[in-house]
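Number of protein chains: 2
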Amino acid sequence: MKAIDGLTTDEERAAAIFRALGNPARVRIIMELARQNACVTGDLVEVLPLAQSTVSEHLKVLREAGIVLGSSNGRDARYCLDPEAVRWLANFCFGICCPPGGNSACACDVPCACD
Amino acid sequence: MKAIDGLTTDEERAAAIFRALGNPARVRIIMELARQNACVTGDLVEVLPLAQSTVSEHLKVLREAGIVLGSSNGRDARYCLDPEAVRWLANFCFGICCPPGGNSACACDVPCACD
DNA sequence: CCAGCATATCGTAATTTTCCGATGCAGGGT
DNA sequence: ACCCTGCATCGGAAAATTACGATATGCTGG
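Sequence lines, in order, name chains A and B.
Start counting the first sequence at 1; every next residue gets the next number (the working numbering).
Start counting the second sequence at 1; every next residue gets the next number (the working numbering).
Hints in this document: simulated from the structure, not taken from any laboratory.
Note that the structure is predicted; figures quoted are calculated from it, not measured.
Keep in mind that a hint or two might mislead.
[What the hints assert, rightly or not] Listed below are several chain B residues computed to face chain A (Cβ distance under 7 Å; list not exhaustive):
1) Ile4
2) Ala15
3) Arg19
4) Pro24
5) Leu59
6) Lys60
7) Ala65
8) Pro83
9) Val86
10) Arg87
11) Ala90
12) Cys93
13) Cys97
Cβ atoms here follow ideal geometry from the backbone N, Cα and C, with glycine treated the same way.
Working from the sequences, and respecting the hints, build out all of it.
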């Protein structure tokens, strides 16, 4: 992948998180983390049709993207969503659709659904 | 990539959009589309340090993910964000952080930033 | 201290993504 | 009718992702 310069820090952060979330298994993981309302662990391995090592690597990707918090290694690893990151991401998305300036109109034939 | 069954329709849609946005060039494209507040076209090729064919393919990915609307081919193609999709995505993210049930507490040591 | 369990990391193969140049295709101008 | 412009698509090479089994690592209980 070629480096794109001119990206703001926020855009880079968003791209990293988007990339991490752009995988069905990882979406399933974060939904499970959200549902459990707590940090789960190898429970995820039972939920997913994947090998333990694969799940571990998915968790690593999510951790490195900064969307999930968790212990590194040991015997009883625990993970949970980073609520701040999730919220930041949601705000980033809203920021695209409805920019601070407030000019949320789109010149195409589809009206903006924002408010 | 292995298929993960048990994903809801929303989760699949989210994963598809996340995957599309998980690339710096494509993030740059949607930011540009948002900034221009209108449908631009080959202007994107000038903005990005990529070949015209590559930009065209990025646009195709974004279109297929349903985050961008645009004409297919001809001479004067135009694209714009699909505001509904962006908004849907933002709400999906908020739904993770602050689920409808309202139990947004996290058992980890990081408090939930929601509200 | 040692065995056993839970998780992380390594090595690696298959698949997918990313990118480019070349080519195809549709419209607009002459 | 002809070429030129602007974009899409193809073919293919290089790089990244995804997945697994095997192995390493680090607690914890006996």
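Verification of the supplied hints:
1. Look at B/Ile4: its Cβ gets to within about 4 Å of chain A, closer than 7 Å, so that hint holds up.
2. Hint status for B/Ala15: holds, given a least beta-carbon distance of 4 Å to chain A, under 7 Å.
3. Hint on B/Arg19 holds. Least Cβ distance to chain A is approximately 3 Å, under the 7 Å limit.
4. At its closest, the beta carbon of B/Pro24 sits 4 Å from a beta carbon of chain A; the interface hint therefore holds under the 7 Å criterion.
5. Violation of the interface hint for B/Leu59 is found here, the shortest Cβ-Cβ separation to chain A being roughly 14 Å, above the 7 Å cut-off.
6. The beta carbon of B/Lys60 is not positioned within 7 Å of any beta carbon in chain A (closest approach about 16 Å), and the interface hint is therefore violated.
7. Given the 7 Å rule on beta carbons, the hint for B/Ala65 is violated: about 9 Å separates it from the nearest Cβ of chain A.
8. The criterion of a C-beta within 7 Å of any C-beta in chain A is met by B/Pro83, whose closest approach is roughly 4 Å, and the hint holds.
9. For B/Val86, the suggested interface contact is upheld, since its CB lies about 4 Å from the closest CB of chain A, less than 7 Å.
10. For the restraint placing B/Arg87 at the interface with chain A, the shortest Cβ-Cβ distance is roughly 5 Å, inside the 7 Å limit, so the hint holds.
11. Interface restraint check for B/Ala90: the shortest CB-CB distance to chain A comes to about 3 Å, inside 7 Å, so the restraint holds.
12. Taking 7 Å as the C-beta contact cut-off toward chain A, the hint placing B/Cys93 at the interface holds, the least distance being around 4 Å.
13. With its C-beta approaching chain A no nearer than about 4 Å, B/Cys97 sits inside the 7 Å limit, and its interface hint holds.
The earlier numbered hints that this structure contradicts are 5, 6, 7.
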